[in-house]
Amino acid sequence: MEFLQAKQKQDPDLFLHRMWIAGQPVMLAGYFSLIDLPQTMMLLQQQARHAADSERPLSALASGLGERIDRADEQAVFTAISDGCLLVVPEAECFEGYLRIVPVSRTLSRSIEAPTTESVLRGSASSFNEDLDTNLGMLKKHMLSDLLRTRSYRMGKDQNRKLTLIYMEKHTDSSLLKAVCRKIEAHLDKEIPDLIALSEDVFEFPKWSLVTRFNTTELPHNASAALGQGKVVLLLDRYPFAIILPSMITDVFSSVNDRNYPLLLANAVRLLRIIGVLANMLMPGLYVALVSVNPDVLRIELAMSIAGSREGVPYPSLVETLLLLFVLELTLEASIRLPKSIGPTITMVGGIILGQAVVQARLVSNVLIIILAATTIASFTAVGFHNAITIRVPKYLLLLLSAIFGVLGLFVGILIVSAYLASVKSFGVPYASRWKNKRSPNG
Amino acid sequence: MDKSMQVIAVYLLSHIGLIFFMYPTDIIESLSVGHWCAILLGFACHVAVIAIYTKGLSYFKSQSIIDIFAGAGKALAWILLLPVSLYFLMMLILTVRAYAEIVTIIFLDSTPLWAVMALFLAVAGLISFMGVEAMFRTGLLAAILFFPLLLFVLSVSFQNADWHYLYPIMDKRSASFSFVLERPYLLSFFAFAGGFLFLGFIPPYVPYKRRAVLWTTPVLLPFFFVSVYVPLLTFGRNTAVQFQFPFIMAVDTADISWLMFDRVTMFFMITVICFALLFISLVMWKTTLMIRRVLPFVRPDLASLLLAAVVFVICLQIPNWKMVERLFWWNTYLRLYVVAVIPLTTLVLGIRRRRKGAAGI
Amino acid sequence: MNAKLPVRIALKSMTMAGMLIVLCGCWDIRDINHRALPIAMGLENKEGIYRIHLLIPQNTQSSSSVRIVSDKGSTINEIIDRISKDLELEVDLMHLKVIVFDRTFAERGLGDSVSSFMRSRDIASKTIAAISDESIGSLFQTLKSTSTTGGLEIYNFFEKNAGWSPQLAQTRIWQIFQSLHSFTKDVAVPIIKSGESTTMTSTGSAVIKNGKMVGRITPEETLLFNAFNGLSAQGKIEVMNHAAVVIDTDRLSHHSSVKGGRAVLNSRINLKVTVLETKGSPTTAMVKQELEQLLTQNFERMFARLQAEGADILGVGQFFRNRIPRDRLANWRTDYYPRMKLNLTFHTVIEDEGLLKMKP
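Protein chains in written order, with UniProt numbering: chain A, 1 to 443; chain B, 1 to 361; chain C, 1 to 360.
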């Protein structure tokens with residue numbers, strides 16, 4: 001009791017409220033910011049009245065209201081309070097300990113909305129939000145199965161963060177599950193403020209990795225499909241994405257929603273995405289290779305028109321390309337930061353005015369503008385925003401290689417990228433392999 | 001898990017990487033008529049060697065050839081494997097040097113040779129360093145990415161073929177196989193003999209089915225035929241024999257008016273060079289494996305770095321193309337040894353082991 | 001995995017750093033706008049001194065023009081080097097599309113220069129060869145003064161999907177090179193000169209034997225030559241006494257035999273034609289008969305002349321590859337070809353008569 005009052009002095013958000021329940025004085029303790037006090041009190045009164053009607057003492061009532069905590073266990077008290085629970089402290093001496101009650105809490109989460117980073121054309125469109133229980137509930141709604149299993153962890157020493165691991169019995173490969181659980185259980189004391197912490201501290205993935213080792217999705221639909229495939233899904237409290245382990249190269253090209261289209265169309269779309277990703281990586285490099293190292297590969301008509309369009313451009317094609325790519329990356333980054341209402345303006349200014357002016361000022365060739373515009377568009381054919389930003393990186397390697405070795409450099413660059421993708425493994429599952437539902441133990 | 005697909009992909013790619021540059025030159029030089037005899041004979045040897053080799057390996061359950069030979073006695077292992085590692089080293093030097101030369105001759109005439117060799121060794125070293133499993137997955141990825149391009153160019157290459165050049169079908173010389181022991185024909189064996197040894201090195205890491213590999217060998221045959229017959233059909237033997245790289249010249253004559261690119265040869269050559277790079281990294285990996293067997297304290301990354309450096313330095317010492325050709329010829333002895341002795345020894349050891357096993361029971 | 005990580009980063013960054021150094025020590029990489037890309041090269045040779053004319057298109061974003069650069073010297077490479085040195089651009093012959101030889105040069109022999117073109121990787125082996133009937137200087141001047149598309153005319157003139165017509169032979173450098181070494185193949189190289197109202201006109205084809213021009217055939221004969229080679233004569237108009245027709249498709253069949261040391265080739269050319277124009281009112285049977293007669297006559301005349309010249313531009317020797325052993329085929333041009341018998345029959349089908357009816 002005293003330590004609660006001491007605590008209140010440090011933290012004005014903590015309330016200690018007196019009230020009478022079933023004729024006995026009690027003290028309520030909790031956070032203003034997390035608990036809707038009037039509603040909760042009404043609820044308590046109501047329950048107390050019911051209990052009084054059936055003529056039971058508070059001590060008996062206690063067990064019906066909530067969970068009991070020993071008076072001595074200070075840590076448990078604070079944990080309960082910071083979790084947003086209401087503590088009932090009976091002032092009568094006949095009752096030892098506290099009662100932990102689930103109150104009516106304030107709504108501190110969004111309601112369920114449509115996804116913001118993944119747009120769905122044909123498929124369920126509700127997305128995860130910050131509340132772990134809501135997320136879990138949504139996932140369960142999508143996955144009506146008695147095979148669904150969850151494991152709950154609390155991560156971190158100073159901050160408690162809930163982490164829930166979900167998998168499907170019989171579908172999930174046991175070695176993968178074991179590996180994931182072992183990693184989590186070995187690092188229960190690690191704080192996970194962000195995904196990098198989860199990836200580096202908990203799962204011990206290499207720091208400098210181009211490929212995200214786990215897939216994130218906003219859609220319960222995607223998460224449940226992943227579960228059905230035998231992957232493991234993690235839900236982190238206050239993180240409106242489900243984390244799917246392990247991620248595969250196929251995730252870049254195919255989305256769950258594709259299965260809502262006829263197979264032929266779905267495959268055509270996947271092919272398109274593969275071409276898009278390849279185009280995004282290759283085109284700037286190809287331009288530089290063809291313009292400065294191997295112009296003999298081009299047809300004469302093209303060679304002449306490119307030579308014409310580069311007339312008066314004062315620097316080599318590598319610098320030209322890097323310059324424009326840099327401007328494009330800036331535009332992309334800026335349009336994420338800007339409010340939605342200003343976004344289109346930036347697109348206008350960046351795309352049309354700047355593009356037009358830059359060509360007329362002979363700072364870059366207009367062929368390059370076309371190529372880079374196509375490149376940027378192509379980069380977003382990849383499924384998932386995290387993949388779309390990942391594939392922005394290798395094109396610089398290819399660009400550099402092709403500036404030095406021409407088309408040879410470009411192809412060798414592709415080989416290097418393939419080799420890199422092939423070397424990535426998470427939990428023993430190679431990134432560049434096909435996901436199989438039931439895999440044999442050694443992968 | 002069975003990774004036959006990856007093994008097949010690497011098997012195909014590494015051979016295709018070797019076929020298209022030097023092989024047609026040697027075959028066209030060795031015969032004036034009836035080149036198919038020469039191709040088929042070489043190919044038959046290839047299949048036989050692979051069959052013997054994999055049969056021998058199949059007696060040992062997922063053991064690499066180093067383990068197998070070491071199991072038969074340390075001295076034997078030294079005697080057998082020393083030439084093999086020497087052969088690998090030669091092969092590395094020759095392939096890197098020859099392909100760099102080809103690249104500078106054909107399309108990067110202003111790029112210095114050392115830069116191309118450095119690129120090859122850096123990439124091959126990187127891939128071999130990433131480990132054998134990653135290498136095999138890379139092989140599969142590269143096959144998926146590059147194969148359509150390769151097949152396209154191969155089908156285009158028939159554009160200027162004059163089928164009358166098929167005749168005459170054969171003459172006395174080709175029927176009597178008198179060409180077999182001559183220099184150009186023996187040189188041509190490097191396309192057959194270069195790539196198959198890896199099948200003995202990978203079983204502990206990348207398991208595969210023997211039958212699957214044997215069944216894919218015929219897939220390679222059309223590539224051998226195309227590489228020799230496209231220049232023959234386009235130019236005729238008399239003209240084709242004048243060229244340093246007949247197949248490249250033949251593809252160069254193809255004119256495709258609807259493509260935005262003028263020289264499809266370039267793309268073809270580069271895909272083939274990428275395949276060759278995979279082959280180089282495979283050989284590098286095998287060599288480092290053997291080095292580490294002898295000197296176990298060397299770290300794997302250091303081993304491949306050292307190997308690349310040594311190969312680079314030796315490559316720089318080769319002054320001209322004549323020297324490359326001479327080295328190729330010297331390497332032929334080692335190659336014949338590798339083709340003949342290693343598979344047969346493996347088979348003999350395998351049979352002996354089975355006998356012993358049977359006696360033990 | 002984790003222990004390897006720093007090493008891997010070190011390796012990677014070392015490779016990258018190495019590459020950057022390589023980049024800084026940059027070799028001769030020139031951007032496309034700093035290269036002159038000649039589209040046609042004219043080659044003259046007077047008493048061992050070469051004279052080279054280069055037709056270089058010059059494009060800017062808005063306009064296109066052509067310039068001609070010429071120089072002389074004792075080797076081709078020397079001249080190109082000198083031109084590169086004097087020009088503000090680097091000459092890159094990779095995009096060369098047409099090489100025009102002077103006629104007197106062709107009569108003396110193209111062998112050496114064609115071999116050197118094949119040897120150097122600068123010039124694509126599929127460059128088209130042509131022979132100029134007038135002085136190359138004046139031909140190029142006409143090309144320059146009439147050009148509207150930056151000099152592409154001369155390329156389009158020979159290009160199959162552009163201005164090529166079947167009266168024009170199409171021969172590439174590698175084919176000439178092949179004919180230098182082949183037992184049985186000679187080539188026909190188009191002869192061009194500047195036209196009166198058009199930029200260029202073709203005045204037939206040169207018959208090249210062992211790299212030397214030994215005779216010439218007319219454009220009409222070139223058409224027959226193309227038809228014999230299966231380069232379908234499609235779209236070609238054939239003028240006769242009574243009608244003009246266009247050849248739709250042609251199909252060939254050959255049968256070769258050697259009788260008593262004499263080569264005999266029975267060939268049959270099936271033509272499908274469409275009537276375009278008539279004079280008077282001929283019947284289809286008449287048209288058909290006249291056409292066959294005319295073609296046979298023309299062909300036989302041409303073949304007799306070619307036989308006399310000993311130049312096998314039709315490549316008939318190819319049909320005997322399986323009849324005559326290789327060691328004797330080496331003497332095809334001297335032992336067999338002049339005495340060879342070619343039985344050629346044209347078989348025509350009049351596919352339709354256009355939109356007007358005709359008498360049967």
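Just so you know, the hints here were simulated from the structure itself, not pulled from any lab data. It is possible that part of the hints are untrue.
List of simulated lysine-lysine pairs, DSS-like, C-alpha gap at most 25 angstroms [stated by the list, open to error]:
1. B:K172 with C:K357
2. A:K170 with A:K190
3. B:K209 with A:K425
Just a few of them, taken from the derived set where beta-carbon distance is under 10 angstroms, the chain C residues facing chain B [what the hints assert, rightly or not]:
4. S70
5. H95
6. F105
7. G163
8. W174
9. S182
10. K185
11. L231
12. R251
13. L252
14. R333
Here a beta-carbon is modelled for each residue, glycine too, at the ideal position from N, C-alpha and C.
Consistency of the hints with the structure:
1. B:K172 with C:K357: 62 angstroms, violated
2. A:K170 with A:K190: With Cα atoms ~30 angstroms apart, A:K170 and A:K190 exceed 25 angstroms; violated.
3. B:K209 with A:K425: Given that 25 angstroms is the threshold and the Cα spacing comes to 24 angstroms, the pair holds.
4. S70: Since the shortest Cβ distance to chain B is 25 angstroms, the answer is violated.
5. H95: 8 angstroms, holds
6. F105: Violated - the Cβ of C:F105 stays beyond 10 angstroms from chain B, reaching only about 22 angstroms at its closest.
7. G163: 13 angstroms, violated
8. W174: 5 angstroms, holds
9. S182: Holds: closest Cβ of chain B sits about 5 angstroms from C:S182, inside 10 angstroms.
10. K185: Check passed: Cβ of C:K185 comes within 7 angstroms of chain B, closer than 10 angstroms.
11. L231: 12 angstroms, violated
12. R251: Result: violated, 16 angstroms to nearest chain B Cβ.
13. L252: 13 angstroms, violated
14. R333: 13 angstroms, violated
When the structure is compared with the earlier hints, violations turn up for hints 1, 2, 4, 6, 7, 11, 12, 13 and 14 and for no others.
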